[in-house]
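Novice: Sequence:
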Amino acid sequence: IPALASGEVLGSLPPIFAIGPLCPLRAQEGKGGYPWLDGQPPESVVYVSFGSRTTLSKDQIKELGAGLEMSGVRFLWVVKTTIVDKEDDGKVRDLLGEEFLERTKERGVVVREWVNQAEILAHPSVGGFVTHCGWNSVMEAARGGMPLLAWPQHGDQRVNAEVVE
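Be aware that the sequence shown starts at 3, since it is given in our numbering, and climbs by one per residue.
Since the hints were derived computationally from the structure, they do not count as laboratory data.
When the alpha-carbon atoms are kept at most 27 Å apart in a straight line, the in silico BS3-like pairs for lysine-lysine are as follows:
1) Lys64 to Lys107
2) Lys93 to Lys60
3) Lys93 to Lys107
4) Lys107 to Lys60
5) Lys64 to Lys93
Small disclaimer: the values here were computed from a predicted structure and weren't measured.
Working from the sequences, and respecting the hints, build out all of it.
Specialist: Now the structure itself:
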């Protein structure tokens, strides 16, 4: 980022002006079938998701679960254990443990399948987003002014996280 600001990288290239984000103007708020979110106070839920293709290690999943539990915050956590569209419920239960799911069931939901992230981020109960900082996630959060906690994993996500900061 400092190299971009100083002009060292771009040199004599013509300036480029961003015209985005190119996101839909309206999300289908409240129509995605997330009844648990509907019952939560405004801006009280932290949404945790690392995109459709990023998988965390077993240790990262366990530590993130412990952190969410110890924090006491309400959460909706999308857990991906493999890079497929349908998750193996058994794997998630083995990693987190039935005890974790039971202890957090009143204030947290663990989701193992695809969700409509734009709808969730537009929901009035969601007040923060723990993200890998994939560009689509950044744009969907920016559209609604959603505060982000960045945990970049690979590719352009580190740069995206710095831009968001």
